[in-house]
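As you go down the protein sequences, you meet chains A, B, C, D and E in turn.
Its first residue numbered 1, the first sequence is counted upward by one per residue in the working numbering.
Its first residue numbered 1, the second sequence is counted upward by one per residue in the working numbering.
Its first residue numbered 1, the third sequence is counted upward by one per residue in the working numbering.
Its first residue numbered 1, the fourth sequence is counted upward by one per residue in the working numbering.
Its first residue numbered 1, the fifth sequence is counted upward by one per residue in the working numbering.
Read the hints as simulated data drawn from the structure, not as lab findings.
Just to be clear, a hint being listed does not mean it is correct.
A pair counts as met if it fits within one copy or between any two copies, since identical chains are not told apart.
To be verified - DSSO-like mimics (lysine-lysine), calculated; alpha carbons at most 27 angstroms apart, straight line:
(1) K13 - K265
(2) K90 - K103
(3) K319 - K13
(4) K86 - K319
(5) K160 - K103
(6) K265 - K319
(7) K90 - K188
(8) K103 - K86
(9) K265 - K47
(10) K160 - K90
(11) K47 - K13
(12) K317 - K13
(13) K13 - K160
(14) K160 - K188
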Amino acid sequence: MDRTRLYRNGVLKAEGFPIDDVSDHIGDPSVVVWFDLCSPSPADLEKISEELGLHRLAVEDALHSDQRPKLDTYDSHLFITVYGAKLVGKRLELTEISIFVTKNALVTVRESPHFDIDAVIRRWDANAEMARYGVPYLLHGLLDYVVDGYFDVLQVIDDKVEALEDDLFEDNDADRLHIQRQTYEMRKSLVRFRRLAVPMREVVGSLLRRGVEMLDPALTPYYQDLYDHTLRAAEWTDSLRELVGNVREAHINQQGFRLNDIMKKITSWAAIIAVPTMITGFYGQNVPYPGFSQPLGFWTSTAAILVASSILYLIFKKKGWL
Amino acid sequence: MDRTRLYRNGVLKAEGFPIDDVSDHIGDPSVVVWFDLCSPSPADLEKISEELGLHRLAVEDALHSDQRPKLDTYDSHLFITVYGAKLVGKRLELTEISIFVTKNALVTVRESPHFDIDAVIRRWDANAEMARYGVPYLLHGLLDYVVDGYFDVLQVIDDKVEALEDDLFEDNDADRLHIQRQTYEMRKSLVRFRRLAVPMREVVGSLLRRGVEMLDPALTPYYQDLYDHTLRAAEWTDSLRELVGNVREAHINQQGFRLNDIMKKITSWAAIIAVPTMITGFYGQNVPYPGFSQPLGFWTSTAAILVASSILYLIFKKKGWL
Amino acid sequence: MDRTRLYRNGVLKAEGFPIDDVSDHIGDPSVVVWFDLCSPSPADLEKISEELGLHRLAVEDALHSDQRPKLDTYDSHLFITVYGAKLVGKRLELTEISIFVTKNALVTVRESPHFDIDAVIRRWDANAEMARYGVPYLLHGLLDYVVDGYFDVLQVIDDKVEALEDDLFEDNDADRLHIQRQTYEMRKSLVRFRRLAVPMREVVGSLLRRGVEMLDPALTPYYQDLYDHTLRAAEWTDSLRELVGNVREAHINQQGFRLNDIMKKITSWAAIIAVPTMITGFYGQNVPYPGFSQPLGFWTSTAAILVASSILYLIFKKKGWL
Amino acid sequence: MDRTRLYRNGVLKAEGFPIDDVSDHIGDPSVVVWFDLCSPSPADLEKISEELGLHRLAVEDALHSDQRPKLDTYDSHLFITVYGAKLVGKRLELTEISIFVTKNALVTVRESPHFDIDAVIRRWDANAEMARYGVPYLLHGLLDYVVDGYFDVLQVIDDKVEALEDDLFEDNDADRLHIQRQTYEMRKSLVRFRRLAVPMREVVGSLLRRGVEMLDPALTPYYQDLYDHTLRAAEWTDSLRELVGNVREAHINQQGFRLNDIMKKITSWAAIIAVPTMITGFYGQNVPYPGFSQPLGFWTSTAAILVASSILYLIFKKKGWL
Amino acid sequence: MDRTRLYRNGVLKAEGFPIDDVSDHIGDPSVVVWFDLCSPSPADLEKISEELGLHRLAVEDALHSDQRPKLDTYDSHLFITVYGAKLVGKRLELTEISIFVTKNALVTVRESPHFDIDAVIRRWDANAEMARYGVPYLLHGLLDYVVDGYFDVLQVIDDKVEALEDDLFEDNDADRLHIQRQTYEMRKSLVRFRRLAVPMREVVGSLLRRGVEMLDPALTPYYQDLYDHTLRAAEWTDSLRELVGNVREAHINQQGFRLNDIMKKITSWAAIIAVPTMITGFYGQNVPYPGFSQPLGFWTSTAAILVASSILYLIFKKKGWL
């Protein structure tokens, strides 16, 4: 079933009709039309582009993924590129959504079915009474859903950072590589995510600034709210980068301190073993030392070994090296 | 008892009356009303929202905590979100306060009772003569109290940094993990705190800029003063981040230098023990070396051990390795 | 064959004619002329400069490579310097291209034949119908090709970063120097590349701002698109710098952790070998210890060695040190 | 003696008269009055505040130290907070100076006597002929003295950085902790100093911008000069932070390299001692090896020891490890 | 010989005449005068200052070196401070040049003879035909020479960075301290250099902005070109800082990796020596082990030693530890 919708005077009149029927309504100013294309062929786009009078450059951009949210203004329409984000395991999965915005039509072009367009439809229906504001209302619902997805991603990373922290100060070697890899992956995701979040802020900011003429004043607070969300997403991203950096540095120091401990243990045990070895070496000499070949020698040797080892053990224990 | 207040012509007329009575006064322009809701239900907010004509989006925001101070302008009212901050142990505890500002009413919505609204009331009463400036005066008192809370947090962290410093250059291993954890916690708190302090500056800055029409000129210096405080809080946060970084780096270097010392000690003692072991090994050979099985052998061996060990000990002592 | 082109009223009329013939057409306003000079002598440039009325400073700049994209406005013409970029092995190879832009002529001066001007010609021909926009169309095709070259460079570096990552968490020593060198080279290339990408953004941005008078409105979207590309190149460069930094830091930590492991292995094996040595030392003493010169001694010694070594081995195995 | 001054038409008429006499002159527009309060009581300030019509907020600010230079504009006067800075040992000592600026009076309120107000008086007297410009001239003299104090601080830190550098590349362990502590202290001072220097720049910048109406044009160059000085102080602070960072990093690397050297020495000497020990172990076996209990054994053993040790010593010497 | 010049209507009329003769021509508007003072006494400057009507503050600044390029505008003249830069060995040598610019006079005051003013004269003469533009032409020639000097400094540092790189990945210990010192020195020079390059950009930028009234339009491209050079110098400085940082970090990692290698070698050789020592210890026991005092013992011992050592050697060789 094609994802299409037709509103007349703010009321949903038709849904799921074939995309080809769109052309029947496009000229009617009382009608607002939406339809969605999922990974369309160049020919599909070409047809629609002609009907709606879309600019060649915008259509080309919709066909190529270029990893940067943007807003282009053409004479008769806007062209917006945004990216839906989802964390799949520890990979950040992005889906490009190209949006054509004309006076009475909204066209969404999804790069792949990974972006859940039905959730957007549910969001529209949750505020159905606002449908009278037309295309800007539809656009808001879509962008709002996209930005909410960003918070889901950030929340997951935030939770992971908190979880890492618990492992951080435990003396558990098994966690070591785990922490190292996790911080690596998270930082990588955040670098990529930042490339979305910051330009997204500019896209919504531009919409808001230009919107003065385009938007019904009643919609302005909604776009303002959306803009606040993009600001928050960008700031949160930066905070998380710092928190990940904090974990990473603390982890490295932790390792450094542990190496220090190990070095101290080495010294201590090496000394505790080396001294008896030196003493038995002494009593192993083929020279008539006091007690040579006599029980006395055995007792003095054994006593020396025990005394020296115990003293060393106690010294190191007291210094906290063992 | 409900927290409510009613001022008429700058004089406190009633206090602690039920919130439901508010609607009796809200239409009277000579009256200024304040009331406070602590973790209200959606229904509670709904009722008030209708009476005061609050925007749906603002009401929704008041119900959800979203961790970012902001100022939204609606047609008939302002909506402000700020966060009270307190250090509980080493955790930074934040309480969201949503504020609705209309011509003659101030509504504060606290996320939880952790924010001490009575202290705000005391602050208002300390400058009771200024109540004639109405809502902006109440708002100033509230924001001023919030920002003063930030300085309390920053002062505690500042004191902790100073305290860490004293431990820093002492040769005490027990403090090590302590310093490491403290710097970790402080940096984490500062990252979170920064997410409050910087947007708070913008919120007060916006109030000041828009205030030209809204504020009585006599109040401008008070808002300017508040703005200076938010600037100072943001700058102090940044300084503290650098000071914590300074402690942290100095601490790591300290550990590095200590490892260096330990390595030198290892070398030294290893040498002092290894050389006698080598000598006794020589005298333990089953070959007729000079002194084999003769007292002479014992004396030369013992002399060699003592001389070699002493020389090594003195060399290392002189080099400062022991 | 000389690279020259002559368009009349947006139609390609002649191609490959000698540069000396250019002067015949330069005065005709219905004609647009392009020609290319590859590492010209000062005399060559001098001649052309006189015919087209180019400024002395611009001509001098065209003769000297100075490693910074720029746009200079002279009374009668623009002078643009851009750099073509290519990765040859791991070296970033730059070719300066100086561009003189007059009302009806475009002159490109290439520092060396490494920049493939024929590819630019192919790009022009791909959109031949736009030739009616004259010089700005030719300039757009050229700059677009240059910026596309930047993406090729960035894509190669991006792929290399991804490839490094796979090696990163493997326990393979041979890769170590490889990763170290690669991150060094990539960071170096990115520093140099950034010196191109950021000023390039300004060059195109200036063209767009000044273009209001110069450009046919139909071309504006094309220049806007180009500007988006330069933005994206600059942002991508910054992301890559961070990703390379991420790999580098993870790699260093990796090495630190590995050193830790090795230190643990040393301790463990040293202990496992040192203890039997100490025991045999004991049984090598020339004193009548229990079992001296008797089979009993052999059995107790051997048993002690095996038991002590096994216990140590198991302890270390359990601690994960072996 | 009270620090007070009275100028009439640019000529110093009275000095050192009691502060209480000030009120006699304050209404006379041909008179310029200055007086200084050192750590005044709230009552003292209250009295003066009434006479000069100072704003309550400014007076409160003058009583509390809040560590941030600022300029507040009130209806009838300016309020300026600056900080005098001095290095006492390695501690940065700050003294708050609050300044009230009215049409014909300058009031300075010093937090403590550590700020040398007499030096300011000497500076005023050095340019006595400029006294005809009134209050702005007095203010300039004061601020100029404060900023010059900053340069003294920065010069001392700069000299210290230079001095550290000489110790840096010497192989002297005693300096180690010294360098570490010094860089720590300097960086800390610079962080605190930066919190003065940057807002100070803004304070003077604001004075200059607002001064258009207030200042005699003849004074503008003097304020411009002062502004240049604040710029220079801020830039110098940043340079010093980087230079201290440079020293610190070089120092850490130095330590790392030294650890490397020590590890090499350990290996070398350990090998030189371990090999003879192994040889004597061989000749200590109770088995009939060639030379067992014969002079031949002694000579082969001794030769093996000498040859092996010498070879190892020479190898390590050649590798530069000893 | 004094460095003086007199142009009338753009033609050089006199040169090398005594500075005292300047006053004869200074009032003549058709004349342009230049003269140079090298480390003048206050009295010298005083005299000139009176004749040209220079501001007291500017004259004072010319007498004191304050390490920051700046441009001050006075009623009747401009005052510019710039710094000539030269690398002498690895030290960055700066020479302050103070410049007074009046309608028809240019005065240069050099702090020391290290700045080669004759080279500036040669540059003027190279474009002698432009002398008709008067003082701005002379000023351009001077500033252009100064900025070109910056490129010489940057080129030397750039070459050094390239040279260091070749040493970087070689396994040569002798270079180690060399690299460490070089990066230290270069970074220090770049910090100091940055303090020149960035304000220099502002000085030329200000000249360009204000120049609208002052400059002949024909000179604008020359000042624009100069401004591009200062931009490039600032950007190059930043790139070099990053490249030096890149070398430094790679160098430190290199050292870390080498330490790792040494640790592995230690383990390996320690094990290869420790195992035979353990075996000979076994055969040195005074207990009747199999082969005690029999040739069989010698052969088993020797075989065990050779086999164990070889196996270990091969294992370590295969692991790449030796």
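Go through the copies and call it for K90 and K103: within, between, both or neither, with a Cα cutoff of 27 angstroms.
-> Answer is neither: 40 angstroms inside a copy and 50 angstroms across each miss the 27 angstroms cutoff.
### Query
Which holds for K160 with K188 at a C-alpha limit of 27 angstroms: within a copy, between copies, both or neither?
both (14 angstroms within a copy, 15 angstroms between copies)
ask   = Between K317 and K13, at a C-alpha cutoff of 27 angstroms, which is it: within one copy, between copies, both, or neither?
value = neither (83 angstroms within a copy, 72 angstroms between copies)
Intra/inter-copy verdict for K103 and K86 if alpha-carbon distance must be at most 27 angstroms: For K103 and K86, the Cα distance exceeds 27 angstroms both inside one copy (31 angstroms) and across copies (44 angstroms).
**Message:** Within a copy, between copies, both or neither: which one fits K319 and K13 at a CA-CA cutoff of 27 angstroms?
**Reply:** neither (83 angstroms within a copy, 70 angstroms between copies)
Checklist entry - Given a CA cutoff of 27 angstroms, do K47 and K13 count as a within-copy pair, a between-copy pair, both, or neither? => result within (24 angstroms within a copy, 34 angstroms between copies)
Practice task
If the cutoff is 27 angstroms on CA atoms, where do K265 and K319 land: within, between, both or neither? Let me know, please.
Solution key: both (11 angstroms within a copy, 14 angstroms between copies)
As a check of your reading, is K13 near K265 (CA-CA no more than 27 angstroms) within one copy, between copies, both or neither? neither (79 angstroms within a copy, 74 angstroms between copies)
Inset, instruction - Check K160 against K90 for me: Cα-Cα at most 27 angstroms, and say if that holds within a copy, between copies, both or neither. - result: both (10 angstroms within a copy, 20 angstroms between copies)
Please sort K90 with K188 into within, between, both or neither, judging by C-alpha distance up to 27 angstroms. both (10 angstroms within a copy, 23 angstroms between copies)
Query raised in the report: Can you tell me if K265 and K47 fall within 27 angstroms by alpha carbon in one copy, between copies, both or neither?
Result: neither (76 angstroms within a copy, 69 angstroms between copies)
Within, between, both or neither: how does the pair K13, K160 come out at a Cα-Cα threshold of 27 angstroms?
neither (45 angstroms within a copy, 53 angstroms between copies)
The earlier numbered hints that this structure contradicts are 1, 2, 3, 4, 5, 8, 9, 12, 13.
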